[in-house]
Amino acid sequence: SQQGEEDPQALSIQEGENATMNCSYKTSINNLQWYRQNSGRGLVHLILIRSNEREKHSGRLRVTLDTSKKSSSLLITASRAADTASYFCAISYTGGFKTIFGAGTRLFVKA
Amino acid sequence: DTEVTQTPKHLVMGMTNKKSLKCEQHMGHRAMYWYKQKAKKPPELMFVYSYEKLSINESVPSRFSPECPNSSLLNLHLHALQPEDSALYLCASSPWGDRRGTSYEQYFGPGTRLTVT
Chain A
503 SQQGEEDPQA LSIQEGENAT MNCSYKTSIN NLQWYRQNSG RGLVHLILIR SNEREKHSGR
563 LRVTLDTSKK SSSLLITASR AADTASYFCA ISYTGGFKTI FGAGTRLFVK A
Chain B
4 DTEVTQTPKH LVMGMTNKKS LKCEQHMGHR AMYWYKQKAK KPPELMFVYS YEKLSINESV
64 PSRFSPECPN SSLLNLHLHA LQPEDSALYL CASSPWGDRR GTSYEQYFGP GTRLTVT
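Protein chains in written order, with the working numbering: chain A, 503 to 613; chain B, 4 to 120.
For the record, the hints were derived by calculation from the structure and aren't laboratory data. In this text, all values refer to a predicted model and were calculated from it rather than measured experimentally. Virtual Cβ for every residue (Gly too), placed ideally from N, Cα, C.
With a cut-off of at most 35 Å between alpha-carbon atoms, the simulated DSBU-like pairs for lysine-lysine come out as follows: (1) K41/B with K12/B; (2) K22/B with K600/A; (3) K558/A with K56/B; (4) K572/A with K44/B; (5) K571/A with K44/B; (6) K600/A with K44/B.
Not the full set, but computed from the structure, chain A residues with beta-carbon under 10 Å of chain B: (7) Q539; (8) R543; (9) V546.
The task is simple: from the sequences and hints, build the whole structure.
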């Protein structure tokens with residue numbers, strides 16, 4: 503399967519703490535994307551990182567990509583209760599016309 | 004306008020019914036997608052359209068029939084569904100990739116919650 507693997511499956515933290523979630527994949531990629539989903543509704547795109555990039559930032563979000571280890575991490579700093587959601591990595595593989603979603607990390611931020 | 008709209012929000016149908024899900028975007032995106040998502044699972048790709056032509060069919064049963072009437076609209080026609088088809092159906096659009104088929108960020112609609120009785 504080309505599905506990305508994410509860990510942890512679930513994460514519970516206090517407001518103000520940082521949250522880190524990881525995604526691993528299997529073969530060469532064009533890019534890797536992170537999405538957020540609240541309560542079974544539509545997904546929201548957060549960040550896209552290309553295979554030749556190592557780090558990207560967007561507000562309180564930081565994404566890293568290590569192509570030698572075939573892994574990516576999403577860091578959310580100074581978390582808020584509103585960050586409670588499921589987070590998915592999505593992988594665009596080389597030579598593919600589709601994006602494969604990882605299993606997701608469920609983040610719960612306690613106020 | 005950066006919104007993808009989907010109708011209806013909820014749908015309950017019997018196994019002998021015929022119904023359609025609709026999706027619309029006005030961002031000029033030339034790639035549109037249908038996904039199926041079960042509770043606590045990631046979205047599973049069903050179909051990809053590029054430039055109004057079906058590019059990918061992920062071996063979806065024929066009781067699901069996609070249609071792309073124009074670059075802004077995407078339909079999913081449903082017929083003789085099974086209870087296990089109950090799920091959240093998500094539509095998405097994105098700018099089309101390069102010649103190698105690179106996919107880029109997708110914009111998702113809120114989904115249609117389908118229940119098959």
